[in-house]
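The opening position of the sequence shown corresponds to residue 1 in our numbering, with each subsequent residue numbered one higher.
To be clear, the hints were calculated from the coordinates, so they are not data collected in a lab.
Check before you lean on any hint, since a few could be wrong.
No farther apart than 20 Å at their CA atoms in a straight line, the calculated lysine to aspartate or glutamate pairs in the EDC-like style are these [to be verified]:
| # | residue 1 | residue 2 |
| --- | --- | --- |
| 1 | K238 | D258 |
| 2 | K268 | D245 |
| 3 | K3 | D31 |
| 4 | K217 | E32 |
| 5 | K91 | D114 |
| 6 | K2 | E32 |
| 7 | K92 | D114 |
| 8 | K217 | E240 |
| 9 | K186 | E267 |
| 10 | K217 | D258 |
| 11 | K217 | D44 |
| 12 | K198 | E90 |
| 13 | K198 | D258 |
Okay, the calculated beta carbon distance ranges per label pair [stated by the list, open to error]:
| # | residue 1 | residue 2 | range |
| --- | --- | --- | --- |
| 14 | M1 | E248 | 38 to 48 Å |
| 15 | I13 | G193 | 27 to 37 Å |
| 16 | K268 | G21 | 16 to 26 Å |
| 17 | P9 | A189 | 43 to 53 Å |
| 18 | R165 | K249 | 35 to 45 Å |
| 19 | G139 | M1 | 33 to 43 Å |
Every value quoted in this text rests on a predicted model; they were computed, and no experiment measured them.
Where a beta carbon is used, it is the ideal one built from N, C-alpha and C, also for glycine.
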Amino acid sequence: MKKLIALNPDVVILANYQYDGIGEANIKHLDELGIPVVFIDYTDLSPAAHYQSTTILGQVFDTQNRAKALNQNYQRHITNVAQRLKLVKEKKRVYVEQRSSGASFAEYGKAYGDGMLMGTLAKAAGADNIYRDQIKTTGDVNPEFLFAQDPDVIFIDGTNYADPRSVSLKVGYGISPKETQQSLAKLVAQRPGFSQLKAVQSGQLYALDNHLMRTMKDYVLIEYMAKSLYPELFTDLKPEKNLQDFNEKYLPDLADKDSFLAQWDMEKS
């Protein structure tokens with residue numbers, strides 16, 4: 001708090017989950033010093049929270065038109081997916097895992113339920129999550145349950161950690177498509193019996209960048225999963241191109257040629 005006050009910021013912007021950490025007393029103290037504190041929430045991943053948070057940032061930075069355009073863009077993309085999903089007669093059964101770190105690929109990460117992060121986005125993409133009734137947010141993976149369920153499609157949430165001791169599913173900024181394919185191949189090879197799962201045998205194994213979540217472009221994850229699940233409904237949809245278009249318009253200084261969304265290429269493994 002002393003360092004923060006010494007910086008004399010015009011405004012302090014925090015995430016909702018940081019509210020308890022900073023505490024009401026400190027918030028009140030900052031307010032008394034003329035330093036307003038603003039809380040936003042992109043972690044919830046609900047469209048309503050995205051829209052409200054972006055609107056707030058637009059007000060803070062006096063960029064209301066940009067905020068409005070971002071909200072309209074997001075709404076247009078998720079509405080398009082939702083409308084097409086109404087034609088789905090039988091939902092695909094899906095397993096969604098967070099596998100961002102561990103000692104080896106033989107270790108499972110955490111399974112997502114419908115109520116948190118990639119699980120929430122998978123639900124929006126029309127997935128029937130096999131852990132829907134077992135886990136609300138995230139929880140430990142039971143390999144026996146996974147193999148008994150034998151899902152149609154598997155989505156694994158990976159990322160790019162700089163720590164060389166962390167064995168992660170490589171995807172995201174600074175990662176090439178080749179590196180993603182190599183880490184997917186290692187994951188399949190090192191997990192006992194994993195290659196016998198229906199989704200793996202049919203090539204329906206996908207790597208998704210964790211860091212695309214909690215942003216105003218995370219609709220591309222919904223689009224990518226929806227198209228992977230129901231390709232016949234989304235033949236004209238190009239999530240990778242939509243991601244590139246977003247970056248070119250709103251984040252031109254960021255690289256966008258790296259590996260963010262990938263299907264396991266079993267032919268080359």
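Worksheet entry | Pair hint outcome, K238 versus D258 [Cα-Cα no greater than 20 Å] | holds, 16 Å
Worksheet item: Are K198 and E90 close enough, with their CA atoms no more than 20 Å apart?
Response: Holds. K198 to E90 sits at ~17 Å (cutoff 20 Å).
Worksheet item: Within a Cα-Cα threshold of 20 Å, do K217 and E240 meet the stated pairing?
Response: holds, 11 Å
Item to complete: Look at the Cβ atoms of P9 and A189 and judge whether their distance stays inside 43 to 53 Å.
Response: Holds - the Cβ-Cβ distance for P9 and A189, about 50 Å, lies within 43 to 53 Å.
Item to complete: For I13 and G193, compare the CB-CB distance with the range 27 to 37 Å and indicate the outcome.
Response: violated, 46 Å
Worksheet item: Holds or violated: are the alpha carbons of K217 and E32 at most 20 Å from each other?
Response: violated, 36 Å
Discussion item. What's the verdict on K268 and D245, does the C-alpha distance respect the 20 Å limit or exceed it?
Written reply: violated, 29 Å
Discussion item. Run the distance test for K217 versus D44: straight-line Cα separation, threshold 20 Å.
Written reply: holds, 14 Å
Discussion item. For K217 and D258, compute the direct alpha-carbon distance and say whether it is at most 20 Å.
Written reply: holds, 16 Å
Worksheet item: Going straight from one Cα to the other, do K186 and E267 come out at no more than 20 Å?
Response: holds, 14 Å
Worksheet item: Does the hinted range 35 to 45 Å hold for R165 and K249 at CB?
Response: holds, 37 Å
Discussion item. Next pair to validate is K2 with E32; report whether the Cα-Cα distance is within 20 Å.
Written reply: holds, 14 Å
The structure does not agree with the numbered hints 2, 4, 13, 15 and 16 stated previously, though it agrees with the rest.
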